Amino acid sequence: MILPSLKIKKKNRRGSRSLAGTVGIFLFLALLGAFMVLPLLYAVISSLKPIDELYAYPPRFFVRRPTTENIEMLFSLAANLWVPFSRYVFNSVFVSGVATVGHIILASMCAFVFSKFNIRINWMFKLVVTALLFNGVVLSLPQYVIMAKLGLLNTYWGYILPVLPMSLGLFLMKQFMDQLPSALIESAGIDGASYFRIFTTIVMPTVKPAWMTLLVFAFQNVWNSNPGGIVFDEQLKLLQSAISEIVAAGIARVGVSMAGSLFIMIPPIIIFVVSQNSVIETMAHSGLKD
Amino acid sequence: MSKEYTKKGKIPYHKDIAKNWQLYLMTAPYLLGFFIFTILPIVSAVVLSFFYYNMLETPTFIGFNNYFNLIVADTVFLKSIKNTLIFAVITGPLSYFLCLIIAWFINELPRYLRVLMTLVFYAPSLSSSVYFIWQYLFSGDSYGFINGILTKMGVIYEPIQWLSDEEYTLAVVMIVQVWMSLGTSFLSFIAGFQGIDKSLYEAGDVDGIKNRYQEFFYITFPLLKPQLLFSAVMQIVSSFSVSAVSQSLCGLPSTNYSAHTIVLHITDYGNIRYEMGYACAISVILFLIMLGARKLIDILLSYVSDT
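Chains E and L are the protein sequences, given in the same order. Counting in numbering that gives the first Met the number 0, the first sequence runs from 0 upward without gaps. Counting in numbering that gives the first Met the number 0, the second sequence runs from 0 upward without gaps.
Calculated directly from the structure, the hints in this document are not laboratory data. Among the clues, some could well be false.
[As the list claims (entries may be wrong)] Straight line, CA to CA, 25 Å or less: simulated SDA-like cross-link-like pairs of lysine to any residue: (1) L:Lys197 x E:Gly286; (2) L:Lys224 x E:Leu80; (3) E:Lys288 x L:Lys18; (4) E:Lys125 x L:Lys197; (5) E:Lys125 x L:Pro221; (6) L:Lys18 x E:Ile120; (7) E:Lys288 x L:Gln193; (8) L:Lys197 x E:Thr129.
[Stated by the list, open to error] So these bits of chain E aren't anywhere near chain L, every CB distance computed over 10 Å: (9) Arg86; (10) Val88; (11) Gln275.
[Claimed, not checked] Facing chain L, from chain E, some residues (calculated, C-beta under 10 Å): (12) Thr66; (13) Thr67; (14) Ile104; (15) Leu132; (16) Val136; (17) Leu138; (18) Ile145; (19) Ala147; (20) Tyr155; (21) Ser256; (22) Leu261; (23) Ile263; (24) Met264.
Just so we're clear, the structure is a prediction, and the values are computed from it rather than from any experiment. Just so it is clear, CB atoms sit at the ideal spot from N, CA and C, and this is done for glycine as well.
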């Protein structure tokens with residue numbers, strides 16, 4: 000049974016490209032891929048270069064005598080900062096962690112209700128979809144005014160709270176939940192479970208790919224943000240600003256700042272690599288219908 | 000209970016809340032945050048744009064003066080609009096089509112190569128705050144990587160001030176912006192391509208589709224419409240919020256405001272000069288332009304998919 004059907008499939012192969020087309024496409028991909036990766040690689044390689052190679056003329060892409068002195072220098076500079084370096088790392092990890100987890104919980108609860116129930120405020124989902132247009136950068140000034148009025152400036156909350164209601168998370172989560180069968184929820188409701196219980200015991204485990212995706216986007220958002228003006232107390236600043244201060248402090252700090260870029264680059268990449276499959280699965284439902 | 004069971008029709012809000020209070024309670028935290036950090040900022044920007052406000056004194060009502068000054072007297076604002084529109088018209092669509100085309104190519108690769116290539120193209124957007132490495136690549140002295148390479152190849156004879164010569168600043172910011180722009184839309188397209196039912200292609204083959212390009216235009220493209228709209232929205236967002244890259248590479252203000260954008264103009268008046276009313280008026284104009292761009296995309300896409 001299987002063999003003949005395979006044969007037919009082979010005969011009915013999809014329309015093919017010419018050889019020239021295939022080669023062209025590979026060249027195109029390779030060139031663009033190089034454009035994407037080389038700057039990042041350059042940073043990684045430069046962080047291993049000794050000072051005379053950093054200022055070599057003409058500049059070389061690769062390193063001849065790799066050294067760890069830039070990374071050591073980053074740590075020794077960091078140790079001399081007024082606030083201990085570990086404090087910045089803690090701030091970044093704490094803020095990203097709380098904001099990411101909080102965002103996932105709030106957005107999933109709300110998405111669950113919007114997706115599976117018919118209550119009077121369902122129209123608000125449309126508002127959230129429209130608000131996809133306005134990200135934190137565009138809204139930052141009026142948000143700043145409001146945070147000043149609420150007394151959120153110069154606190155951890157100033158970082159965390161604006162991230163919790165990101166529109167993208169609610170949107171993706173609702174789209175993902177839309178394809179869960181309603182029967183799943185109804186049967187639990189007949190057993191007398193409360194809505195919240197249905198949410199925690201049945202829905203959340205089922206939508207794991209979606210919350211992995213929210214995790215990637217929310218973490219990336221907080222980790223890469225360097226909000227100026229919201230926090231001015233050195234104790235509360237994030238890793239980003241600590242590294243940019245180290246970079247700005249001297250002229251001959253190219254290697255050190257490249258080493259710093261490693262620390263900023265690696266965490267989001269690891270998180271994405273781990274959750275890649277889930278992200279693609281979730282994004283399959285990201286389409287917007289008018 | 001779930002959608003089929005609840006009565007349709009308009010129950011008054013208070014009755015609905017009394018009946019489904021658990022559900023309302025579950026939406027409350029998110030919606031509260033959404034109102035405070037999205038709706039309220041938009042509304043208060045509109046209101047404050049009619050006032051003179053410096054965060055210390057009480058706001059004074061000045062009618063349309065802020066808007067009037069912006070359009071008539073502020074030449075830097077017009078420059079920032081021009082630059083932002085250049086981003087919206089050039090880097091926006093460029094990165095949009097790159098996302099689409101690269102996702103299409105990647106989709107044809109074997110699985111492990113596909114995963115690797117997705118990471119390669121998505122990595123700059125993932126670690127978007129490391130754009131400062133471009134500062135060293137485009138550095139204006141002869142130790143700058145790009146200057147060094149070009150000099151060695153004999154293209155230029157003396158180093159170019161990429162980051163301060165107003166002829167180049169905008170182009171440099173555009174390159175970096177495209178570099179880090181293969182983000183959410185890119186992932187959305189990759190997922191969209193993977194979700195297309197392969198049997199449709201076989202059916203298309205029977206109907207006389209000759210090659211992959213026809214396949215793309217007649218089968219794939221119409222099926223991707225929801226992704227096309229979502230990604231367009233994401234591209235509008237990123238091209239209208241260009242700011243940090245320009246500020247960090249070319250400074251604020253950049254030479255002769257050559258890489259100034261609307262968001263940087265807001266930062267300039269809001270976070271530096273504390274003229275909040277004026278900055279809010281700029282924000283309102285930005286919101287309106289973005290909503291307009293969204294409408295335009297809707298119209299364009301309806302032409303594309305109705306054929």
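Measure nothing beyond the straight line between the CA atoms of lysine 288 of chain E and lysine 18 of chain L; if it is 25 Å or shorter, mark the hint as holding. violated (31 Å)
Decide if the proposed pair is consistent with the structure: lysine 197 of chain L and glycine 286 of chain E, CA atoms, cutoff 25 Å inclusive. Holds, at about 19 Å.
Using 10 Å as the Cβ threshold, decide whether tyrosine 155 of chain E counts as touching chain L. Since the shortest Cβ distance to chain L is 15 Å, the answer is violated.
Can the hint on threonine 66 of chain E be confirmed by a CB-to-CB distance to chain L that is less than 10 Å? Where the cut-off is 10 Å and the nearest Cβ of chain L is about 18 Å from threonine 66 of chain E, the hint is violated.
Hint validity - methionine 264 of chain E Cβ closer than 10 Å to any chain L Cβ: holds (4 Å)
Cut-off 10 Å, beta-carbon criterion: hint that leucine 132 of chain E touches chain L: At 5 Å from the nearest chain L Cβ, leucine 132 of chain E passes the 10 Å test, so the hint holds.
Does the alpha-carbon distance linking lysine 18 of chain L and isoleucine 120 of chain E stay inside the 25 Å limit? With Cα atoms ~14 Å apart, lysine 18 of chain L and isoleucine 120 of chain E stay inside 25 Å; holds.
Can valine 136 of chain E be said to touch chain L, with a Cβ gap under 10 Å? At 4 Å from the nearest chain L Cβ, valine 136 of chain E passes the 10 Å test, so the hint holds.
Hint threonine 67 of chain E vs chain L: min CB-CB distance below 10 Å? With a minimum Cβ separation of about 19 Å from chain L (threshold 10 Å), the hint on threonine 67 of chain E is violated.
Hold the hint about isoleucine 263 of chain E up to the distance rule: shortest CB distance to chain L must be less than 10 Å. For isoleucine 263 of chain E, the interface hint holds, since the closest Cβ of chain L sits about 5 Å away, which is under 10 Å.
Checking hints one by one. Is isoleucine 104 of chain E an interface residue toward chain L, by the C-beta closer than 10 Å rule? Isoleucine 104 of chain E check passes; min Cβ-Cβ to chain L is 8 Å, inside 10 Å.
Is the Cα-Cα distance between lysine 125 of chain E and lysine 197 of chain L 25 Å or less? violated (32 Å)
Of the hints listed earlier, those the structure fails to meet are numbers 2, 3, 4, 8, 11, 12, 13 and 20, in rising order.
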